[in-house]
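Undergrad: Below are the chains, spelled out letter by letter.
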Amino acid sequence: MKILVGYKRVVDYNVRIQVKPDGTGVVTDGVKLSANPFDDIALEEALRLREKGVATEVIVVAIGPADLTAHLRNGLAMGANRAIHVVTAEAVQPLTAARVFLKLIEKEQPGLVILGKQAIDDDANQTGQMLAALWDRPQATFASQVEIADGKATVTREVDAGLEVIEAELPAVITTDLRLNEPRFIKLPDIMKAKAKPIDTIEFGSLGVEAHDHLKTTHYAAPAKRSKGVMVKDAAELVAALKQKGLL
Amino acid sequence: MSKILVIAEHLGGKLNSSTARAVSAAAAVKAEAIDVLVLSDAPDAIAAEAAKIDGVSRVLTVARPENAHPLAAVLAPQIAKAAAGYSHVFVPSTTFGKDVAPRVAALLGVAQVSDVMSVEAAHTFKRPIYAGNAIITVEADANHPVVATIRSASWAAAGNGANSAPIEALTIDAALPTHTRFVELKQGSSDRPDLQSASKVVSGGRGVGSKENFDIIYKFADRIGAAVGASRAAVDAGYVPSEMQVGQTGKIIAPELYMAIGISGAIQHLTGIKDAGTIVAINKDGEAPIFEIADLGLVGDLFKLIPELEQAL
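From first to last, the protein sequence lines are chains A and B. Residues 1 to 248 in the numbering used here are what the first sequence spells out, letter by letter. Residues 1001 to 1313 in the numbering used here are what the second sequence spells out, letter by letter.
In short, the hints are calculated from the structure, not lab data.
Computed, partial: chain B to chain A, Cβ under 10 Å:
1. His1069
2. Phe1096
3. Val1100
4. Lys1200
5. Gly1286
6. Asp1295
Facing chain B, from chain A, some residues (calculated, C-beta under 7 Å):
7. Asp123
8. His219
9. Ala221
10. Arg226
11. Val239
None of these values were measured; they are calculated from a predicted model. No residue lacks a Cβ here, since even glycine has one placed at the ideal position from N, Cα and C.
Use the sequences and the hints to build the structure in full.
TA: Printed below as a string of structure tokens:
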């Protein structure tokens, strides 16, 4: 079984995001870029399934500009067998990304597609669900545990009410939550080995995907700040202050 | 004019308050009609609750045994069919809505607006990106239906009681898949208020120190009638189950009173609480970032201060 893994490059999660003063975007020049943390978890899960003998091949997929090669090499160094780079200079919205994945699925015929539950840049949390709809296959979102056996995935999902367990016949789409696993670190020899692994590049325009975006972002703003409050000296003063506000 | 379909979230035969919050967002669009859709195996009691929400025009029910559990693959085709004739489909931005709404949007061939914080115009919305560190204004194409998830913490629940909207049963002719099956829901049983909708929340962090020590947080919360939450550090350390996590990757909440006890205030935690009315921080480290956003701060040992707070109540 092949596993397709979404592997998006985003602004590193440790970077403090700054909105440009003119409201046209956030500052990304000279900012550290890394794999979306949820995608690292997706790749780790795919690699573990291969190590267990459930999967035979793990393919990382990224959609974006020509300079994504180094990013995909990281995915290969982590252990993916090969990479697919769908090349486009334009930012891609979730519905378009899902349509691209569907094209790749038609070609690769994977048994499983694992994506991060969301990318930490646009925080959309949509691509996996949209892909599952277009593909007309099951989705198991926000996964914290995955078992594959007898042609189906049994997935524990982190939902607001607790932990939900569902069964999904394969092929299916799984999206990862934080507690699914802890991604491995890349070792130096693996970086060397990754250089020999193939990266297929596909021009976005050659896929025949409709790229019409229904959403336009017209303005970026910094969030409203909460003002710093007051320090109280002891428990009695805190209780008095809360009672005065009618909160206790 | 806009006609809005709000998808009801419910569990155990009860309507979730996230639904009335989504109705508030629909009201902000100044729609000519706001209909609530209840998909369930037994929708009657849930529909009766939804009919009381102020501003609701009609409650539509789809009663099918397949709707006993909220499986996105089963619900989405029904919602997509029911959406015909509506300009907007609003779904609460909870794990329920985040799961099902994009599947509906894809079936309709439209983009989705995630986590709507404010409605600027019928097709213009504000939403957070980068974990709430930037707020964007997005415009949806007015020629297509808008599918949006509504960020619960940004909207007060619409009022309740004065309305009695008509309830109508819908028959939806949609083939439903059987490739996805519900197995079980493991829920921590608790008599405490629901974390997502409680007006008071007491949360503990790594500073609490252990699963056993968390009892002091539960006891204090019970004393003031609060729900109990936790930081990601406390969840990762195994003190409490994951459904108690408050923050960007857990629950985003907006109680009237939020008390952060032994929580240093990592950015991802602050993102989950910044819409709270009053934030109280209790921490032994006076330099902890939580004090930067707290309305009331108290520096000291929580094991000494909590008993003192209980005494002072």
